[in-house]
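Trainee: So you can see what is in the structure, the chains are spelled out below.
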Amino acid sequence: MRIVTVGGGPAGLYFSLLMKKADPMHEVTVLERNPPDATYGWGVVFSEETLGALRDADMPTYDEINDSFAKWNAIDIRYRGQTIRSRGHAFSAISRKRLLDILQRRCRQLGVELRFLTDVEPGSRLADPSSADLVVGADGVNSLLRAQHADALRPSLDVHRTKFIWFGTDLAFRAFTFIFRENEHGLFQVHAYPFDAATSTFIVECPEVAWRGAALDQADEEESIAYCQKLFAEDLAGRSLLSNRSLWVSFVTVRNQTWHDGNVVLLGDAAHTAHFTIGSGTKLAMEDAVALAQALARRRDLEAALTEFELERQPVVERFQQAAQESSAYFENVSRYASFDPVQFAFNLLSRSGRITHLELEKRDPRFVAAVDSWFASRTGKGRLAPPPLFSGLRLRGVELANRVVLSPAVQDAAKEGTPNEDHSDLLREAAEAGAGLVLTEFLAVSAHGRIGPGTPGLYTDEHASVWGRIVEALHTSSSSRVAARIGHSGSRGATRPRVDGLDRPLSEGAWPLLAPSAVPYTRLSQVPHPMSAGKMRDVKQDFASAAEYARAAGFDLLELDMSHGYLLASFLSPLTNRRTDEYGGSLPNRMRYPLEVFEAVRAVWPPDRPLAVRLIATDWLPGGFDVQDAVAVARELHARGCDLIQVVAGQTVEHDRPVYGRFYLVPYSDRIRNEAVIPTLVSGGLTTADEINTILAAGRADLCVLDPPIS
Amino acid sequence: MRVGVGLPNTVAGATGALVLDWARRADEGPFSSLGVLDRVAYESFDPIAVLAAAASVTRRVGLVTMVVVGPLRSTAMLAKQAASIDSVSGGRLTLGLSIGARKEDYAVTGVPYEGRGRRLSEQLQDLRTHWEEGGMVPHPARPRGPDLLVGGLSGEAFGRMARHADGYVHGGGPPRAFAGAAGRALAAWSDMGRPGRPSLWGQGYFALGSDDQPARGAAYLRDYYSFTGPFAEKIAAGNLTSPQAIADFVRGYEEAGCDELILLPTVAEPDQLDRLAGVLS
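Protein chains in written order, with numbering that gives the first Met the number 0: chain A, 0 to 711; chain B, 0 to 280.
Hints are not guaranteed to be accurate.
[To be verified] Restricting the straight-line Cα-Cα distance to at most 16 Å, the calculated cross-link-like pairs of lysine to aspartate or glutamate (EDC-like) are: (1) Lys79(B) <-> Glu132(B); (2) Lys233(B) <-> Asp300(A); (3) Lys233(B) <-> Glu48(A); (4) Lys79(B) <-> Asp146(B); (5) Lys102(B) <-> Glu113(B); (6) Lys233(B) <-> Glu311(A); (7) Lys233(B) <-> Asp222(B); (8) Lys70(A) <-> Glu48(A); (9) Lys415(A) <-> Glu462(A).
The set of hints was computed from the structure by calculation and includes no laboratory data.
Everything numeric in this text was worked out from a predicted model, so none of it was measured.
Just chain A, with the same shape it has in the complex:
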């Protein structure tokens, strides 16, 4: 086989030597535009997993690489003048220059032809697919081969918002070190790690505004060094920053729909990049090289081999890119956590990409997790035990929740005239007996006309209050769970058939007139609702207040107002459903006016020692709709009026929205509302394990979690 590899970085060299080693009859040529000793880039990091793959693939290079490693196991997080250390992480790093030297020597030894100072330019025949059996594009993030085969490969390039610069330093850090320093221009971060006995990589990252504010967009290399050296003088302890054509750049995430086209295949950064904050670029590239060489050894047919290579590597790379996206988003928004205690700040940082959970950290560093758990538990101030966060209590006003798990039985649609039946009480009892800190009812209508359908339970007659009173009392007697009622008005989503056969199907008989801010029907088959008059708005507000009084009489510990999913109060919040031209429509302050008035009316009659929550929509999932920034603003206003908890949900404002049901899809919204509006949050959405909940709680992304049953 005649193989031409474009690019003499780690992926290209490693693949080439593996092929030549597998069969000396292969004719392998590497084309590299730089001289052999070009030295840019500093250290690169490997994981244990990668080292195993390298050991299996080629022992001589593994031995040399392994002997050259700087190894350490700690992560230091320097924040607000404190350094928090977490151990047990097993890092290895090597100087990029040293790595290339090892690989180049091995290539020569095996007979790979290395042609340096050979630039493959557009139109060049050097990498013409017809000139070889296989052409490998290991030519990096700005790959020429990728551009030449863009029609088939379908690349997408995503430029990140922050700026970063890649320095070295003659200070050997003793841990992977994250440093956060704020000045008048913004928050600057460092990712630093040693790669030999005397030198470390030192990457500085900052938001673009800070970068411009500090005039770094005008700065040359020396000025940039001077600025960063001064800013991080304390961390550098008198040592200096080293530059090697270091420039401020924006990270580019590269993806390709496919990695091969005919006999041309991409490797490493040419095919995919993952943000440097998870430090896996070289690791992924070298693993690609191993996988491609193995696929070519297994399959005689080139197309089959290249397909197999992609099938093996693409899912792995996608997982890293997902984690990298979470990680880079964390660093882009890190100022959101500026008020965190350093312990929680550190846990939040370590769990940022979703790969490291509470349980995983506990395996790596039990002492660190004990410190986190103990800090978490200390805020409720009880005893010296430090249980995992899930089992920490939470106090909201006069109500003490025994733990952080909320269970909410599924919708029953089984009430008669709003009166709950035994199914309701059985399911709530089951939830309480399962040990939930809080059990939460389904939607209870504040009036007969506020029901979703004929089976919706309510809280609008003396009888409802007395039946709920018996249910709540039984729960209090048989368990330590606190009990919450969710009350709401269905608005334009009322008078529908039972949800077992689908949502929002209008009743064929017995429908009642609907109310909404504007005459916008929910579906094309729905009744057109009546825009609410001032009188109706007063009446419905009164219904909410009465429901709150019934809830108090029934002994509910916590009350939740529904402002979600296109029901009445939520439809005031969203510009998609609120078309009013009076003081209740238009701007966000106007749109939130009525929901806030209702909240105030309820807060006025709900006992001061009992918490009041709001189930709030975080986004309409449609451009031009209510979004998370609006939700933060509403949450702030609610907080100022005595709201104690926000349950974060999304979507359903209108029928044809564009939901995103990824893993833990509500957690980022909860994180943002909790930490920007500074109010406790309750989050749900596919959380099925204690570990997931412990991680979310310890990282400060929510305060309570709804536990869902696992799939099977």
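On the provided structure of chain A, position chain B as indicated by the hints.
Mentor: Showing chain B alone in chain A's frame:
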């Protein structure tokens, strides 16, 4: 988990006689359902017509579309056809629908491609109403008509499934891909406040035999999916061609929470059914 088998209604070389014989034999075999695919601009049997024929030569086996491209068909006609099959089969139909992925199917039927998602949502609501309220369709075997499934991987597809359907039908891939989609289906279902949980259906391709069956199966998949470009090669590489691969796949789907898995043939020869039955027993 139940395991069903596909009818080769889109596989090259399938004759009418073979399809009917296939249905008869599947009814006698260990299979829970017979699944059909839908493509207009491709040499294939119409899924609705072929299921009606299958209904008449079977007594037991379930009949499921994996999936029919709903927006290509008028809702009233589809409601009528589905109710008819459900009625003559004694309530054995499950109707899986999606928006499809091939522009050319829309082009040859003269149906606009734009707005197909919204039309499918409306269609799901209207089908149920036709079946429940009658007046136009035969008396369905079950009062609410056949179960409705929705396929697709977009957020809209999951939302549509959870709002209007009874279950989710996945488009194929390794168990891990199914598990991810199933998780999203459940999240959407619970977000919508629907009672209970959606039924979860999976599918996979197979070609069994030690001669050229795997190669012919792969060639069929490359051709069937040629509209996806390089992705066709990956689908062909995922074809299950050994008893071990099928056993692993079935176990993987079961562990991922699948309720019913349909294994779709890629070679239209009746011995494929016997070979598959042998692997499953």
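Trainee: Give a verdict on every hint.
Mentor: Evaluated hints:
{"no.": "1", "hint": "Lys79(B) <-> Glu132(B)", "in the structure": "12 Å, holds"}
{"no.": "2", "hint": "Lys233(B) <-> Asp300(A)", "in the structure": "14 Å, holds"}
{"no.": "3", "hint": "Lys233(B) <-> Glu48(A)", "in the structure": "26 Å, violated"}
{"no.": "4", "hint": "Lys79(B) <-> Asp146(B)", "in the structure": "15 Å, holds"}
{"no.": "5", "hint": "Lys102(B) <-> Glu113(B)", "in the structure": "10 Å, holds"}
{"no.": "6", "hint": "Lys233(B) <-> Glu311(A)", "in the structure": "11 Å, holds"}
{"no.": "7", "hint": "Lys233(B) <-> Asp222(B)", "in the structure": "12 Å, holds"}
{"no.": "8", "hint": "Lys70(A) <-> Glu48(A)", "in the structure": "14 Å, holds"}
{"no.": "9", "hint": "Lys415(A) <-> Glu462(A)", "in the structure": "12 Å, holds"}
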